[in-house]
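Listed below are the residues making up each chain.
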Amino acid sequence: MLSVLKGMWMVFLHAFRPRVTIQYPEQKPYLPPRYRGRIILSRDPDGGERCVACYLCAVACPVDCISLQATEDESGRRYPEFFRINFSRCIFCGYCEEACPTYAIQLTPDFEMSEYRRQNMVYEKEDLLISGTGKYHDYNFYRVAGLAIAGKDKGEAENELPPVDIHSLMP
Amino acid sequence: MNEVAISLLIVFGVLIGVVSIAAILTMVERRLLALFQDRHGPNRVGPFGIFQIIPDMIKLFTKEDWVPPFAQREIFVLAPAVTMVTVLLSFAVVPFAPGIAVADLNIGLLFFLAMSSLGVYGVVLGGWASNSKYSLIGALRASAQMLSYEVFMGFALMGVVAIAGSFNLSAIVEAQRRVWFCIPQFIGFVTFMIAGLAETRRTPFDLPDAESELVAGYHAEYSGMKFGMFFVGEYMGVTLISMMIVTLYFGGWLGPLLPPLVWFFLKTFFFIAMFILVRATLPRYRYDQLMSLGWKVMLPVVLLNLVATGGVILALG
Numbered sequence: 001m002l003s004v005l006k007g008m009w010m011v012f013l014h015a016f017r018p019r020v021t022i023q024y025p026e027q028k029p030y031l032p033p034r035y036r037g038r039i040i041l042s043r044d045p046d047g048g049e050r051c052v053a054c055y056l057c058a059v060a061c062p063v064d065c066i067s068l069q070a071t072e073d074e075s076g077r078r079y080p081e082f083f084r085i086n087f088s089r090c091i092f093c094g095y096c097e098e099a100c101p102t103y104a105i106q107l108t109p110d111f112e113m114s115e116y117r118r119q120n121m122v123y124e125k126e127d128l129l130i131s132g133t134g135k136y137h138d139y140n141f142y143r144v145a146g147l148a149i150a151g152k153d154k155g156e157a158e159n160e161l162p163p164v165d166i167h168s169l170m171p
Numbered sequence: 001m002n003e004v005a006i007s008l009l010i011v012f013g014v015l016i017g018v019v020s021i022a023a024i025l026t027m028v029e030r031r032l033l034a035l036f037q038d039r040h041g042p043n044r045v046g047p048f049g050i051f052q053i054i055p056d057m058i059k060l061f062t063k064e065d066w067v068p069p070f071a072q073r074e075i076f077v078l079a080p081a082v083t084m085v086t087v088l089l090s091f092a093v094v095p096f097a098p099g100i101a102v103a104d105l106n107i108g109l110l111f112f113l114a115m116s117s118l119g120v121y122g123v124v125l126g127g128w129a130s131n132s133k134y135s136l137i138g139a140l141r142a143s144a145q146m147l148s149y150e151v152f153m154g155f156a157l158m159g160v161v162a163i164a165g166s167f168n169l170s171a172i173v174e175a176q177r178r179v180w181f182c183i184p185q186f187i188g189f190v191t192f193m194i195a196g197l198a199e200t201r202r203t204p205f206d207l208p209d210a211e212s213e214l215v216a217g218y219h220a221e222y223s224g225m226k227f228g229m230f231f232v233g234e235y236m237g238v239t240l241i242s243m244m245i246v247t248l249y250f251g252g253w254l255g256p257l258l259p260p261l262v263w264f265f266l267k268t269f270f271f272i273a274m275f276i277l278v279r280a281t282l283p284r285y286r287y288d289q290l291m292s293l294g295w296k297v298m299l300p301v302v303l304l305n306l307v308a309t310g311g312v313i314l315a316l317g
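Protein chains in written order, with the working numbering: chain A, 1 to 171; chain B, 1 to 317.
For the record, the hints were derived by calculation from the structure and aren't laboratory data.
If you're wondering where the values come from, they're calculated on a predicted model, not measured in any experiment.
Possibly wrong hints are sitting among the right ones.
Not everything, but these chain A residues come out facing chain B in the computed CB check (under 7 Å) [to be verified]:
| hint | residue |
| --- | --- |
| 1 | S3 |
| 2 | G7 |
| 3 | V11 |
| 4 | L13 |
| 5 | A15 |
Below, a sample of chain A positions facing chain B; criterion: calculated Cβ distance under 8 Å [what the hints assert, rightly or not]:
| hint | residue |
| --- | --- |
| 6 | M8 |
| 7 | F12 |
| 8 | H14 |
| 9 | I40 |
Note that beta-carbon positions come from the ideal geometry of N, C-alpha and C, so glycine has one too.
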């Protein structure tokens, strides 16, 4: 009997505790920077598309919600002709971000993606592509990769030695 | 003519008042439970969520009123009405303030006990007519629980009757001018409150409609406003038991400064809040615990209380 009364008193005291509820639409919850929300495609610091259309994200995707088509511009840079994510299928697992070799595809702390029409859940490349660099500010794939493109030959990338002359005997 | 008008006013005032209190309680209970659990509760519709009742009512009234094909139709439809009508009838004898009572019966307390016993029929018939196993188990539990708690509920009240010397509720309130009966009849008050919890099927004794075991017990098959009537009936039961506690043990309308009606409702709301606090605190009893508490603890305690009360009255002449 006494323990019941003590319990009731304790429960009553909870009326004066701070609330744990976050009143959502007015009060936004804190989302950590690595929160896995809406997927974006980032650009490198020079403003070029980071995506090299390697299809690794589409392969890694467990629900097959990513669809893209690779193509190449006149300078030899690969880029996706179209890049489509069906967010009504996406499970926000982040495997695409882990698979991406160029930090192009990234998940962002944003979950407010509700739509009235199901068709609007399909995001095209212009919906996905942002103007910034996302989480990695200095990374530029073509500046560190050994691939030759217009304006940068083999051996001219950062931290890259000139190619070895395999026909020479000199060290 | 004037008297008829006044009594009609009281009748409809009590009816509308009681039903709207029960409706508001559906919101107040959720808000208070949230308060005790560090949450906010429904606070979106209107200031502090007070208009939450309106969407709830619209939902209950417009929902499909489904009668299962395997149910016994007539009894199935009748049962919620029985629950609600018996509780509403009990309010007829509650004295809200001097002169404000629908029927100031000289056997008011017995009428209240009779009506709360009849209330079991609504639950039992509802569970039986639903023709489903969960409902039937709920109804069985309800009948056993209500019958065994009815016994010592009646005995708990007899102490008050012995001191006041009347079954008339207004007379009982008037007899508390000197001291509220919660002091000489403290054991009676505690046992009556426990019996009231069981009688209204509230949390520590909510075995008949135990959601986690029996889906919803006796009203598992009900939908729409038929379910709503069970629901509102339960809240009216809470209000009724709170009003009875106030009338019998806490001096009814008596109190300084404020008008009698305000005192009555303030005290009533305090005990409604206590009911909700008990719900926020205690888990559900097991069936055998419920039965042994009723028969092995409460009944002897109440009988001893009655004997002691009688002895003291005799000794004081």
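Have a go at the I40 of chain A hint: is there a Cβ in chain B nearer than 8 Å to its own Cβ? Cβ of I40 of chain A sits 32 Å from chain B, so the hint is violated.
Please verify that hint: F12 of chain A, Cβ, nearest Cβ of chain B, below 8 Å or not. 6 Å, holds
Restraint: H14 of chain A near chain B, CB-CB cut 8 Å. Satisfied or not? 5 Å, holds
Taking the closest Cβ pair, is S3 of chain A under 7 Å from chain B? 10 Å, violated
At a threshold of 7 Å, is the proposed contact between V11 of chain A and chain B supported by beta-carbon distances? Nearest chain B Cβ about 5 Å off; hint holds.
Taking the closest Cβ pair, is A15 of chain A under 7 Å from chain B? Where the cut-off is 7 Å and the nearest Cβ of chain B is about 5 Å from A15 of chain A, the hint holds.
Hint check, L13 of chain A versus chain B [nearest Cβ-Cβ separation less than 7 Å]: 9 Å, violated
Can we keep the G7 of chain A interface hint, with Cβ of chain B closer than 7 Å? 5 Å, holds
Under 8 Å, Cβ to Cβ, is where M8 of chain A needs to be relative to chain B, so tell me if that hint holds or is violated. The hint holds - M8 of chain A has a Cβ within 8 Å of chain B, the shortest such distance being about 5 Å.
Of the numbered hints stated above, those contradicted by the structure are hints 1, 4 and 9, listed in ascending order.
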